[in-house]
Structures are given as structure tokens and as C-alpha cells.
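Student: Got chain E; can you put chain G on it based on the hints?
Protein chains: 2
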Amino acid sequence: MSDTAAKKAIVDFVLKVTKEGSPDFVPVAERIAVFDNDGTLWCERPVPFQAVFMLDRVKALAPQHPEWKEKEPFASLLKGDLKAALAGGERDALQVLMATHAGMTTDEFRKIVEDWISTARHPKTGRLYTEMVYQPMLELLAYLRANGFKTFIVSGGGIEFMRPWAEKVYGIPPEQVVGSSIKTKYEIRDGKPVLVRLPEANFIDDQAGKPVGIHTHIGRRPIAAFGNSDGDQQMLQWTAAGGGARFMCLIHHTDAEREWAYDKIAMGSLEKALDEAKTRGWTVISMKDDWKRVFPFDTE
Amino acid sequence: MSDTAAKKAIVDFVLKVTKEGSPDFVPVAERIAVFDNDGTLWCERPVPFQAVFMLDRVKALAPQHPEWKEKEPFASLLKGDLKAALAGGERDALQVLMATHAGMTTDEFRKIVEDWISTARHPKTGRLYTEMVYQPMLELLAYLRANGFKTFIVSGGGIEFMRPWAEKVYGIPPEQVVGSSIKTKYEIRDGKPVLVRLPEANFIDDQAGKPVGIHTHIGRRPIAAFGNSDGDQQMLQWTAAGGGARFMCLIHHTDAEREWAYDKIAMGSLEKALDEAKTRGWTVISMKDDWKRVFPFDTE
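Top to bottom, those sequences are chains E and G.
In this text, residue positions in the first sequence follow the numbering used here: the first is 33, and each later residue adds one.
In this text, residue positions in the second sequence follow the numbering used here: the first is 33, and each later residue adds one.
Just chain E, with the same shape it has in the complex (with noise of 0.2 Å):
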């Protein structure tokens, strides 16, 4: 990160509660971190990347589902055309969602994540998914663990599509990431236990979920939180409202050279958070401006 006022920022507020005999001094217990993911730790242009991975599995389980060809939003899809397929709105969206996330043991995803995160491709830059990450971020992560935080994911995304390689990429262990769920059962199949993923959502991560996936989680109050979106609007003012010092910032698009510049987009605008951030003085990073490097492999 270049050497800016949001920066600085970062850095006195990391000071001052880690200063022992400091008012604002946190214990290391209390030094709770949360992080978006979509946006916030890695890109989401052209689409977030769980929607590629939903195509992808379309495209390999349409041989089990002849009928998917005149089926919409299925026979869209198939063709590749990721917009006409989601113009069918939620329930076609949670749909696809279900033919290509539930059904399976837990185990079984978790190795079709790990399969598909090792080889697919990003389709501007041709990187793998996992190099599609912010190096500011990277080093963010690891600078606030050096000062005592435990850092989370929270992100609206799959739960189970993140844990599997999150803790690689992000140094984030799996039971420090929150996301959204389907439900599973516990069962017994050829005399040995699994968790099978059923088709019926549990829990919804964003938004007004996003307090209560913290919560539910991780059961205490963060003292700081970065996200990017409208959809992370909530965990802002929820971590705002704890007492002592706070730190809330998002993380602005503005870079269309290096990355993408948007505020308006199909899945996860930036408006009414921006509002809040400039009248409330949250810390706004642009890309453009305070970030050296965007991805790993950019070049200073």
C-alpha cells in the first residue's frame, strides 16, 4: 500500500489499541478482525467467482441431466449466457445453486472446490482464481495478526466454497471463515458417518445477515471491519457500535486500468455504504490511488 492518508489511518489505530496502558488499549482476545471476501479480499469482475464455479459444475453434471438443454435457467447457462440465465431472478439463481451444491456429501464438495480452485481460470487475466487476490489486503491480514488479531471472513459467498483454500491464500482457518450455508444431515452410509448437503438454504450471509453470521460465530463484537459493498453495510455499523476505538473502511473500486472501477453493479453495489462512510468519516481506500500493486503478480 502506498504510504496515504488511509494508511495512516490503519496504522495509528493499530497503535493505539495495541499500546498497553493506552485508553484505547484492546486485549488480544477482543482484537477481532472481519473481512468481506467478494470485492474486499479478491476481485469479483466480470462475475463473483462462485457464479464461474456454478457454471462449471452445469456444464459437468449436464451429461447426468439431458433435460437441462430445454430447461431454463439450465439451457442459458449451458450455452454460456451467464446474464440471460440470471435475468430469471432468486429462484432460478437458488435453483442452480441447488443442482450444483447440494446432494453430495461435505467431503465430496470440498475435493470438487479444491478440483476446480486449482484449475480454473480467470477469463481476463488467464491467473488462477486464487491469484486474483489484493496484495494490500495480504499484507494487511498479516500485519494485524502480527498485532494480536484473529482474523475472519465474512463474506456472502459459500461458506464451503471458501473454506477449502482460504486458509492457504489467506492464512484464514476454516473455523474463522462465516459465509453462507445450506443445511446438512448427519447420516450413516455403508456403516460410515457423513454429512450430506441438502437443497434447502440455512443461512443467508450478507446484508442484515452479515451482524448475525458475527455473532452466531464468532460471538463477540469486531473492532474492525473492511468491506466493499452495500451488501456489508450492516457489519460496519454493527462493529461501529461497540465501544472504544473502531476502525471501518471500504474498499473502493476506482481503478479501471489495473482492475475495474464500479460502484453499480448487477451483485453488490456501493452506494448507500459510501454515503455512510463519508458522513460517519469510515476510512474509503481507492484502488487507484492507494494501492502500489493490485493483484501478486502486478509489477509496481
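The set of hints was computed from the structure by calculation and includes no laboratory data.
One thing to keep in mind: the hints can contain errors.
In this list, chains with the same sequence are indistinguishable; a pair is considered to hold if it fits within one copy or across any two.
[Unchecked claim] DSS-like cross-link-like pairs, simulated, lysine-lysine; straight-line CA separation at most 30 Å:
| hint | residue 1 | residue 2 |
| --- | --- | --- |
| 1 | Lys143 | Lys48 |
| 2 | Lys182 | Lys143 |
| 3 | Lys115 | Lys143 |
| 4 | Lys296 | Lys224 |
| 5 | Lys217 | Lys310 |
| 6 | Lys182 | Lys51 |
| 7 | Lys200 | Lys182 |
| 8 | Lys143 | Lys200 |
| 9 | Lys40 | Lys224 |
| 10 | Lys296 | Lys111 |
| 11 | Lys182 | Lys224 |
| 12 | Lys224 | Lys51 |
| 13 | Lys224 | Lys48 |
| 14 | Lys51 | Lys143 |
| 15 | Lys224 | Lys39 |
| 16 | Lys182 | Lys215 |
| 17 | Lys324 | Lys304 |
| 18 | Lys156 | Lys200 |
| 19 | Lys156 | Lys91 |
| 20 | Lys296 | Lys217 |
| 21 | Lys48 | Lys182 |
Tutor: What follows is chain G alone, placed relative to chain E:
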């Protein structure tokens, strides 16, 4: 703990999973140990302590609910007849649970629990409930953590009933407590964000729910699991079904003098899990034979 076969089994397990180069070596990140709470980490007699909390809440709230004098199960509860109150079955119990555990914010509920746990006393010993914990289990938690383990509670009890004191009493932080829960909802009240506890079940962390709770909160399989009842059987099965070295253990309540001797009780019998432990060679700790002290306040 006395130097018995059970203690030797635990130490042997820890030595082999922590010895680098050993075929059973487990990296620190994967050293996950899970513990039931009621009857495993603390006492659960004459009734589980959260039931006493519930009763005390009914008494405290009764002035605001004059109709309870005539209305079961509240009427029996107010007369102190827990047995009659519980006779109404799950539906009545749920009604009392919601009347006492829902309707307030999460911050308000934490305060209620903190006040209760710091003052309420066990009917037999006159001790605070947080003193009714098992000394050898405190030592075991510390021993495992000293060997790189992350220790989690996985209890049928309420997650928000345990979190306010688990860190102080067991050294287990809120984010490592898994339990049963009701739903919460994010709201802005008087300009301040709150999470309101709703009278609606969210998750029951018991029996086949325990592997589900482990998967949701921890996201990887434990290598050691400790329980004391049939409610823990599936958690032990799930732990046992992973690859590599595993440690499954039941605490057997065999000490009528220093604690209680029981297998069959209204809530939390030990029958099927004990059979499975014998068949599969899981470790069974006899409180009478294996423990020098039961409670921290006991003399050896």
C-alpha cells in the same frame, strides 16, 4: 487425574500426534479437540444448570406476567416443581425457553447471564455454578492447549448461555463455543444497531446435530472428542471416522460420593454411546477410579 490407563491413553495420543516425523503427526492447525459441556466439563445434577437459570428467569419475570400463576408450565415452575413443569414435554419446555431466552437484545441477554452466573448457587454444594467444573477436565484443556490444540465446546446447551463465562472458566473464547441457538434479527433501535433474540429455534446442537454444529462452526473434523452421554455419540462417531490418529472419550459418572453415579436420567442418559465405546475401544473415564479430585474445591 490419577495415573490410570485412561490418563496413559490420553498422554500416548498427545505424544504421537505432536511428535514431528511420527506417522501419526498432526499439524497444529488440525489439532482440534471438542468437548461436550453438561456432565463433561461441568456438573449437570440434580438438573442441567441452564434449567435452573430458566427457572430463576421465570421467577424474575413473574411480576410482569400475572397470568403465569394459572398457566402451565409456568404455574408449576413458580411453585418450584421442576419435574411437573418438565412433564409437559418438549412443547412446554420450548415455551418456557422462549419466554425466558428471547425478546431482548443479545447484549441484554449476555448481561442477564453474567448476573445470574456470578450469583446463583448450586443447591447441594452452595457453590457458584462455575465452581462446579471438573478439575481434571480443566487440567486436560490446559494440557491439550499447551500441546497446540484448539479446544472447542460442542454442547446441547445454549451457545449464548455459555459464551459469557466460558473464556474465564475454561479458557475457551466465544468463537470456540458451539451450542444450540435461537434466531436473531438485526435492527436499528433509537439509532443504534442491535441484534434481537427471536422466539424461534435456530439450531439444536445435540445428537446428530453435533457433527452438523462442528461442521458449521469449525469446518474441519476434530481429532479428539470428549462427551458423557448418548447426545455425544454422533460427535464421537464423526471424530472417529476421520483418517489418522483419533481419540474418543466418555466421562462416566460413577462417583456417588463426590459427585453422582448415574447412567439413566431424564436428560442425558449414557447407554448406546457406552456400548459403542466398549465395542470400539474408546476410552472411558470413571470419575470414581480415575479422578483424584472432582471439583477444584475438593481436597485430594
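Student: 30 Å Cα cut-off: does Lys324 pair with Lys304 within a copy, between copies, both or neither?
Tutor: within (27 Å within a copy, 61 Å between copies)
Student: Go through the copies and call it for Lys143 and Lys48: within, between, both or neither, with a Cα cutoff of 30 Å.
Tutor: between (43 Å within a copy, 28 Å between copies)
Student: Check Lys182 against Lys215 for me: Cα-Cα at most 30 Å, and say if that holds within a copy, between copies, both or neither.
Tutor: Classified as both; 27 Å inside a copy, 25 Å across copies.
Student: First find the shortest C-alpha distance between Lys224 and Lys48 inside one copy, then the shortest across copies, and answer within, between, both or neither for a cut-off of 30 Å.
Tutor: Intra 51 Å, inter 25 Å, cutoff 30 Å: inter-copy only.
Student: Tell me, please, which holds for Lys48 and Lys182 at an alpha-carbon limit of 30 Å: within, between, both or neither?
Tutor: Classified as both: same-chain Cα gap 17 Å, cross-chain 29 Å, threshold 30 Å.
Student: Between Lys156 and Lys91, at a C-alpha cutoff of 30 Å, which is it: within one copy, between copies, both, or neither?
Tutor: The answer is within: 20 Å in one copy meets 30 Å, while 65 Å across copies does not.
Student: First find the shortest C-alpha distance between Lys182 and Lys51 inside one copy, then the shortest across copies, and answer within, between, both or neither for a cut-off of 30 Å.
Tutor: Both, since 17 Å and 27 Å are each at most 30 Å.
Student: At 30 Å max between alpha carbons, let me know whether Lys115 reaches Lys143 within a copy, between copies, both or neither.
Tutor: within (28 Å within a copy, 49 Å between copies)
Student: When Cα atoms must be at most 30 Å apart, do Lys224 and Lys51 count as within-copy, between-copy, both, or neither?
Tutor: between (51 Å within a copy, 29 Å between copies)
Student: Is it within a copy, between copies, both, or neither that the alpha carbon of Lys296 lies no farther than 30 Å from that of Lys217?
Tutor: between (38 Å within a copy, 27 Å between copies)
Student: When Cα atoms must be at most 30 Å apart, do Lys200 and Lys182 count as within-copy, between-copy, both, or neither?
Tutor: Classified as both; 16 Å inside a copy, 19 Å across copies.
Student: For the identical chains here, do Lys182 and Lys224 meet the 30 Å Cα criterion within one copy, between copies, both, or neither?
Tutor: Intra 35 Å, inter 26 Å, cutoff 30 Å: inter-copy only.
In the structure shown, no violation is registered for any of the earlier numbered hints.
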